[in-house]
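Following the hints, put chain B in place on chain A, whose structure we already have.
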Amino acid sequence: MRAIAPFNLVPPEPLLRAQHVTLEYASERGVVRATDDVSFDVYRGDRFVLLGPSGCGKSTLLKAIGGFIAPRAGSLHLGGTPVTGPGPDRIVVFQEFDQLPPWKTVKQNVLFPMLAGGIARAEAEVRARHWLGKVGLARFADAYPHTLSGGMKARVAIARALAMQPAVLLMDEPFAALDALTRRSMQEELQALWDEIGFTMLFVTHSIEEALVVGNRILLLSPHPGRVRAELNSHQFSLASAGSHEFQAATQRIHALLFGADADAPAVQPQPALVQP
Amino acid sequence: MSAVHEPPVRPEYVAPQRAAPAPALVSTGQVNRLDWLNKPAILLALVILWELLARWVDNDLLLPGALQTARAFIDGIASGELIGYVTVSLAILVQGFLLGVAIAFLLTWVAVSNRFGRELIDTLTSMFNPLPAIALLPLALLWFGLGKGSLLMVLVHSVVWPLTLNASAGFRAVPETLRMAGRNYGLGGLRMVLQILVPAALPSILSGLKIGWAFAWRTLIAAELVFGSTSGQGGLGWYIFQNRNELFTDKVFAGLATVILIGLAIERCVFQTLEHVTVRRWGMQR
Chain A
589 MRAIAPFNLV PPEPLLRAQH VTLEYASERG VVRATDDVSF DVYRGDRFVL LGPSGCGKST
649 LLKAIGGFIA PRAGSLHLGG TPVTGPGPDR IVVFQEFDQL PPWKTVKQNV LFPMLAGGIA
709 RAEAEVRARH WLGKVGLARF ADAYPHTLSG GMKARVAIAR ALAMQPAVLL MDEPFAALDA
769 LTRRSMQEEL QALWDEIGFT MLFVTHSIEE ALVVGNRILL LSPHPGRVRA ELNSHQFSLA
829 SAGSHEFQAA TQRIHALLFG ADADAPAVQP QPALVQP
Chain B
0 MSAVHEPPVR PEYVAPQRAA PAPALVSTGQ VNRLDWLNKP AILLALVILW ELLARWVDND
60 LLLPGALQTA RAFIDGIASG ELIGYVTVSL AILVQGFLLG VAIAFLLTWV AVSNRFGREL
120 IDTLTSMFNP LPAIALLPLA LLWFGLGKGS LLMVLVHSVV WPLTLNASAG FRAVPETLRM
180 AGRNYGLGGL RMVLQILVPA ALPSILSGLK IGWAFAWRTL IAAELVFGST SGQGGLGWYI
240 FQNRNELFTD KVFAGLATVI LIGLAIERCV FQTLEHVTVR RWGMQR
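Heads up: the sequence lines are chains A and B, in that order. Under my numbering, think of the first position of the first sequence as 589, with each following residue one higher. Under my numbering, think of the first position of the second sequence as 0, with each following residue one higher.
Bound conformation, chain B alone:
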C-alpha cells in the first residue's frame, strides 16, 4: 500500500440533506430595461442626420429636410388629401391580397393532395416566383386596360407564389407522428386538415402571408407609379408620381414616408400580434 496512486483514492462522504436555496434567478428586467429605446434612438439619429444633410445641400427641390417633410406630411393628413390616396391604395391592396390568398390556398390544396399536383405546383412556383409582378404590368394593361383589373392581376401574382411555396412546404413538413396521432383518433378529411395540418403548418403559412403582404404592397406602389389613377381616383404611388412632376419634393418624401409607415404598422400590428398569440405562444417559433 506504499505505492502512490494517481489519481489518489479519497474517502467517500455523504452530505447531510438540506433545503434547496431560493432560486438564484437575477431579475432580467434590470438588464434589458433600456432595450426598447434602441430602435427609437436609431431612428432619431437617422432623422437628425437627414436634417443636417438637407441643410448642408440646401436645395429643397433635390433633398427637403426632415422638418419640411414632416410639415408636408402633417398638411397632407390635415387636409385629408393624403388620407384619400392611402384609402384608395389600401382598398385595392386588401382586395388583391385576399384574392391572392384564396387562390394560394387552392393551389396549396392541389399541391398537397397528390403527387401530380405537387409536381405541377412545384413547377409553377419555380417558374413564377422569381418573376417580378411589375414585369407583368404591360401584359395586364393589355388584357384588363387601365384600371382596377390590371392592379388586381399584378397584386394576385405577387401574393400567390410566395404564399403557395411557403404553405405547401409547411404542410409537407408536418411531423409524421402528428399525422399518425390524428389518424389514431379517427380524424380524416377536412377535420384532419383543420385540426392537425393547418395548425401544424401555421408558422410557414404566417411567414408566407407576411412575405406575400410585403410583395403586394411594393408591387401596388410601383404599379401606381406607372399608370397612376384608376377611374379618377389615385393611390399613394400616384400621389408620389404627381408631386414629383410638379416638383413638390417634400410631398414626394411625405408620400414615401407614408409607404414606409403603413408597411411597418401592418407588420407590427397585424403580423406580430398574430405570431404572438399563436406560434410564439405555442413554442413553434422563437
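The following block holds chain A by itself, in its conformation from the complex:
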C-alpha cells in the first residue's frame, strides 16, 4: 500500500469541506447536541462514508450538508461557497420509500426535480430515459411507485438523483430499509454506476461491512454527541473481497475503534486524532 504515493494525485482543493461543525437540534427534552466539532474534506470522485452507531449525528450531518439544518458552530463549504440552504446541487437519496411522490409515475418522478430546476422538458426526457435505463427500470417508466418493490424504489431514487447531475450525491442510509439480498445487489449496482461515471457521493450508514464495500474513505463517528473517532481508507475493498482476511481485519479494527474499551468510559474526551492508514 505504501507503494502508491497519493499526494500528487489529490486535487489541491476539496469539493466539500466541513470545518469544526457543531450541530444541535431541538427535541422534547430540550436542545440535543448531534455533532461536536466535526471536520472532514470530501474530494471530487470520493465515495465518502459517514459511519457510526445511532446517535453519532451522521444523518444530522448529512442533513446539514443538504442545507436543511444550519450548523450551530463551524462551517460547511461546497466548492468554495458556504452552504446556506437546500439546493439541487446536493440531491439527497433518503432511506424512506415515501421520498417518491406516489402520484407521479417512475418517469415523472425522475423528471420532477429537473423540471422544478428549470431544465427544458426535451432535455429532461432524454436524461430521464438514460438514467432509468442505467438502473434497469426502462420497462417500468409508466408504473406508479406503489407497484414497485423496495429495491426498485431505491433505484428510482438513485436515477432521479443522478439525472440531476449534482455536485455531490447525499445518501442517507439508502439501503437500510431493504432486505439483505436486495441490499447486496444495490451495493453492486451503485459500485458499477460509480465505476462508470465517477460521481462524488457522501454515504451514511451504520453497517461496517457496507461502509467498507461502498466507500473509499470512511469517517468514523462516536456517539453522544457525534465526534470524529478516525478517518480510514477503504478503497481497497469491494464486495468481491468481502470474505477476505484483510476485510475481516478492517471490520474488527473499526469495531474496536467504535466499541473498544476506551469508548465504554463515559468521560472520554473528543479525540481529534487522525488514524494513519
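Incorrect hints may appear among the rest.
In silico SDA-like links for lysine to any residue, alpha-carbon gap of 20 Å or less [unchecked claim]:
1. A/692 to B/64
2. A/692 to B/89
3. A/692 to A/721
4. A/692 to B/38
5. A/692 to B/281
6. A/692 to B/179
7. B/147 to B/133
8. A/692 to B/190
9. B/209 to B/89
10. A/692 to B/279
11. A/692 to B/209
12. A/692 to B/175
13. A/692 to B/272
14. B/147 to B/197
15. A/692 to B/187
16. B/38 to B/259
17. A/692 to B/276
18. A/692 to B/177
19. A/692 to B/277
Listing some non-contacts, in silico: residues in chain A with all C-beta distances to chain B over 10 Å [claimed, not checked]:
20. 605
21. 684
22. 686
23. 687
24. 701
25. 724
26. 782
27. 788
Derived, one-sided and incomplete: chain A residues facing chain B with beta-carbon distance under 8 Å [stated by the list, open to error]:
28. 628
29. 675
30. 705
31. 708
32. 731
33. 732
Everything labelled a hint here was simulated from the structure, so no lab data went into it. Don't be surprised by glycine CBs; every beta carbon is placed ideally from N, CA and C.
Below, chain B without anything else, positioned relative to chain A:
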C-alpha cells in the same frame, strides 16, 4: 459415529436449473363474476319487502307501496314538477358547497401556516364541528331573513368544519421526507404547496369534501322542510313538506327517494370517479 443424532445429518444436493413454470395465477374473474349483482339484488329484495308490507298495512295515507311511489315519482318527473324542485335545491346546494369549500381552504391555510393559526383553527373546529348546522337556522333566519342568505349560512357551516378538519389533518400528515425532497429540489412557497403538499394531502381532502357534501345535502333538505320556499321557488324539502300537508304520502315517498337517489348519484359519479383517477390509482388509498 454410531450415536443417533437428532436432527439427522442428511446429504446435500443441488437441483438442476430448470425454466420457471408459467405463472399459476387463477383467473380472478371466475370467482367474482356475480359480485356486481349483490347490491341490486339486496335493493330488489328490500323493494319487494316494502311492497308486501304496504299491501299488508293497506293504508295509502300511512304507507304507500313501492309501485305507487314509483308511479308518483315518474309522474313528478314527467310533469317536470319534481325536476323543478330538484333544480332549485341543487342550485342553492352548489353555491353553498363552493362557498364553504373556499372558506375551508382559507381556514386550512391559516391552520397550517403557523402555530397560533393551528391552535385557533383547532379550537374553532372542535367548537363548531359537533354543532348541527340546522341548529343555527333560527339564528340565520334572524340575521338573513327568509331566503337564500339563511340557507347559504347553514350550508357553509355544514361544509366548512368537517372539510377544514380533514384537510388540515391531511397537510400535517405529509411525510417529512417528501417535504425535504421538495425543498431539496428548490421548491418553496406556492410551488411547494401545489406540487407536494396538496397532492400528498389529497386523500384527506377528498374525504373531507365527501363528508362536507353529505352534511350539506342533509342540512339543505332539513332547512327546506323548516321554512320551505325562497322567493316563491321551493326545493325538494319544501316539496316533501307540502305534500305531507296535503296528504299525498306517495309524493312524500317519491321526494324522499329523490333525495336518496341524488345523494347516491353524486357519491358514485363524482367522488368515486375522482378517487379512482387520483388516490386509488396512486396507491394512496385502497
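**OP:** Could you check if residue 675 of chain A really has its C-beta closer than 8 Å to a C-beta on chain B?
**Re:** holds, 6 Å
Original post:
Are all C-beta atoms of chain B more than 10 Å from that of residue 701 of chain A?
Top reply: The assertion about residue 701 of chain A is violated, with a minimum of 4 Å to chain B.
**OP:** For the pair supplied as a hint, residue 692 of chain A and residue 179 of chain B, confirm whether the alpha-carbon distance does not exceed 20 Å.
**Re:** Within the cut-off at roughly 17 Å; holds.
Subject >> chain B contact restraint for residue 628 of chain A - C-beta distance below 8 Å >> reply: Violated - the Cβ of residue 628 of chain A stays beyond 8 Å from chain B, reaching only about 22 Å at its closest.
Original post:
Taking 20 Å as the top limit, are the C-alpha atoms of residue 147 of chain B and residue 197 of chain B close enough?
Top reply: Since the Cα atoms of residue 147 of chain B and residue 197 of chain B sit roughly 32 Å apart, the hinted pair is violated (cutoff 20 Å).
Subject >> No chain B beta carbon within 10 Å of residue 684 of chain A's >> reply: Contrary to the label, residue 684 of chain A does not stay out of reach of chain B, its closest Cβ about 4 Å off (not over 10 Å).
Original post:
Are the Cα positions of residue 692 of chain A and residue 38 of chain B separated by 20 Å at most?
Top reply: violated, 34 Å
Subject >> Assertion that residue 686 of chain A lies outside the chain B interface [Cβ separation over 10 Å] >> reply: Given that some Cβ of chain B is not farther than 10 Å from that of residue 686 of chain A, nearest at about 4 Å, it is violated.
Original post:
Within a Cα-Cα threshold of 20 Å, do residue 692 of chain A and residue 187 of chain B meet the stated pairing?
Top reply: The given pair, whose Cα atoms are some 19 Å apart, holds under the 20 Å limit.
Original post:
Going straight from one Cα to the other, do residue 147 of chain B and residue 133 of chain B come out at no more than 20 Å?
Top reply: holds, 15 Å
Original post:
CA of residue 692 of chain A to CA of residue 175 of chain B, is that 20 Å or under?
Top reply: Given pair residue 692 of chain A, residue 175 of chain B holds - Cα atoms ~18 Å apart, limit 20 Å.
Original post:
CA of residue 692 of chain A to CA of residue 277 of chain B, is that 20 Å or under?
Top reply: holds, 10 Å
The earlier numbered hints that this structure contradicts are 1, 2, 4, 11, 14, 21, 22, 23, 24, 28, 31 and 32.
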